[in-house]
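*Asks:* Single-letter residue listing:
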Amino acid sequence: MNEINPELLRGMTRSRRDALRLFGLAGAGLGLAACGVKGQKAAPAKQSDVQKYWNGKTKHGHVNFANWPLYMDKGRTPLKQFTKETGISVTYREVIQDDPSWFGKIQPQLQANQSIGYDLMVITNGVSFTKLTELGYLVPLDHSKMPNFAKNAGAAYKNESFDPGNVYSVPYQTGITGIAYDPAKTGREITSLADLWDPKFKGKVGMFSDVQEIGNFGMMAVGVNPEQSTADDWKKAGAKLQEQKDQGIVRKYFDQDYIDALSRGDIWLSMAYSGDIFQQNLSEGSNLKFVIPEEGGTIWTDNLTIPKTAENPVDALTLLDYFYRPDVAAQLAEIVSYVTPVPGAKDVLAAEAAKATGSRKKTLQTLADSPLIFPSDADYARLRHYRKMTTAEEQQYNGVFQKITAG
Amino acid sequence: MRRRLAPYLLILPGGLWLAILFVLPMVVMLSFSLMQGDVVNGFQLIWHWQNYTDSLSAYDDQLIRSLVYGLLATAACVLLAYPAAYWIAFRGGGRKSTYLFLMLLPFFVSFVLRTFSWKFLLADDGIVLGPLKDAGLLPQDFHVLATGFAVVAGLTYNYLPFMVLPIYVALERVDPRLLEAAQDLYAGRAQAFLRVVLPLSVPGVFAGVLMTFVPVSADYVNATVLGGTNNTMIGNVIQNLYLVNNDYPQAAALSFALMAILLIGIFAYARALGTEDVLEVAAR
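First to last, the protein sequences are chains A and B. FYI, in this note's numbering the residues of the first sequence are 1 to 407. FYI, in this note's numbering the residues of the second sequence are 1001 to 1284.
None of the hints are false.
With a straight-line cut-off of 25 Å between C-alpha atoms, the simulated BS3-like cross-links for lysine-lysine are: (1) B:K1119 <-> A:K245; (2) A:K59 <-> A:K308; (3) A:K308 <-> A:K52; (4) A:K308 <-> A:K145; (5) A:K59 <-> A:K145; (6) A:K105 <-> A:K308; (7) A:K403 <-> A:K202; (8) A:K59 <-> A:K84; (9) A:K46 <-> A:K57; (10) B:K1133 <-> A:K202; (11) A:K41 <-> A:K52; (12) A:K46 <-> A:K308; (13) A:K289 <-> B:K1119; (14) A:K200 <-> B:K1133; (15) A:K145 <-> A:K57; (16) A:K185 <-> B:K1119; (17) A:K362 <-> A:K74; (18) A:K200 <-> A:K236; (19) A:K202 <-> B:K1119; (20) A:K185 <-> B:K1133; (21) A:K388 <-> A:K46.
In case anyone wonders, no lab produced these hints; they're calculated from the structure.
Required output: the full structure, derived from the provided sequences and hints.
*Replies:* Okay, structure coming up:
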């Protein structure tokens, strides 16, 4: 350390000169970036755009499908059957953990007009969905090639507020966000949002890190309908959630990994997606329960969409329509236990239950009668929808709720 | 002519690599940090210095926490690594390389997987805490996960080899004859260690601290996997701003602020340790 190598000293002076040169290069780079980065806001798709896009597109015999975890059985039964019937092979990956992160991942590629490697992807209605449509990143669907959807989709799913007329999307599954709990640990029935604020469960409550989800629960806890909420309501909800955090009641703000934490016993009750809990009980033999809280739960729709840079759009559209065959919808309902957009699936399930025997008969009958797969009108009345937001509103909204989830 | 060109030709591949893949992206990010806007409507470069003040005031908690966790984990690394490196260097004998290989063995398993395995190990009713709770040694609501301790422990575990290796290299170079000479001059074992071995190993410790403190402070995997509601680190915030909010200007501003703070800290540290040239020691 004491004797400094003279060569090194000389090297240092040279590198100092080089550093100055680097600054020159940096200046040039600044010049390049100086004009800023243009937005790509696109006009809404018209009928002519549909024809323009789909003209000349042909079947390739393959499709790449990006989906969420626990959204199909391990054997991928519906896809195998699809390949058998149509000759189109499917690469299926459960790569989507939450919408904003997925959007962040694919946005640069879509902006540069490059393929994202997937032809079909499942996006929840919400701010990311709005951004994708506003930026023109989704392909307008050709309804003339979707006979099953026209015939079998439930009326409510043909005119959703976030995509009227199904220009860019059709529902894959609909689901409910409510509360899941382990009755052995909580020692009592959980019925209300107030249970998530109960100091008795200190450090054992899981909440979602998704700002829309947690914001909705905060609002419902202070008696506000999220769909009609204002900026003031967000602040009130934020304060309520902050109180829950400050008292140490919340263990963690979860993505998809709340299911593991719940079954390991790290948390006892948590915000949860309806279908996840059924699947977990079925596959792991756990004994978790799911409720729609008295104050309300939220209903959301996961949508099949085709990104504009899809390499196999025709195959993707074929698969999209395939999910609307009642027998396929029934099969999927049996697998994922979410709310199916195909009401006809109920009859299929009931008919199969009549034919089946033993435990399978019971399972099928439970599914056909389950209010969480085919919700009653009273259930629907308790379920709240996401609020549609502009980008400016979203930034304000994020500012309120991310302060909480960001620790 | 050829002779004069040779050094430039030699530096060309590496230089280009740095210019295209390091300098240029940094410049683009720097300009991003001064823009304003959003993904849908585009970003305009309006020299928006407020990005720095806004992001720093919004996330000062996480920034300070990251530096504190960084310091704690680095200190823990030094305390754990020094004796291990010392033992391998002076007592390792013919099996030195085996011990070093064992030290590096965890690196053959993915970083994320290693961290996740801790999650199972330390679960509230897991294989460690479960039996202790059943035996009544711990209260039922005791937990290790979702605490600052878990995050710092995870960081220490994941970055330990980065500390062991440079210290080992420095200690390995210490000539045993120096120790014999010290003993000849009536130095006790402690004296010999404090006045001969320790000063000679300082460059190793210094390099190890550099190699752990910087990545540890910016780490976000450990806080994500092992942390809870109040253990978020600045890396998580930056990742969230980039990938979830698409707020590139604030994310870039925060990244540059973090970089500046780390650089200032390191140079101050180099001064304090009496090493004039940070890079020289790191290169040893």
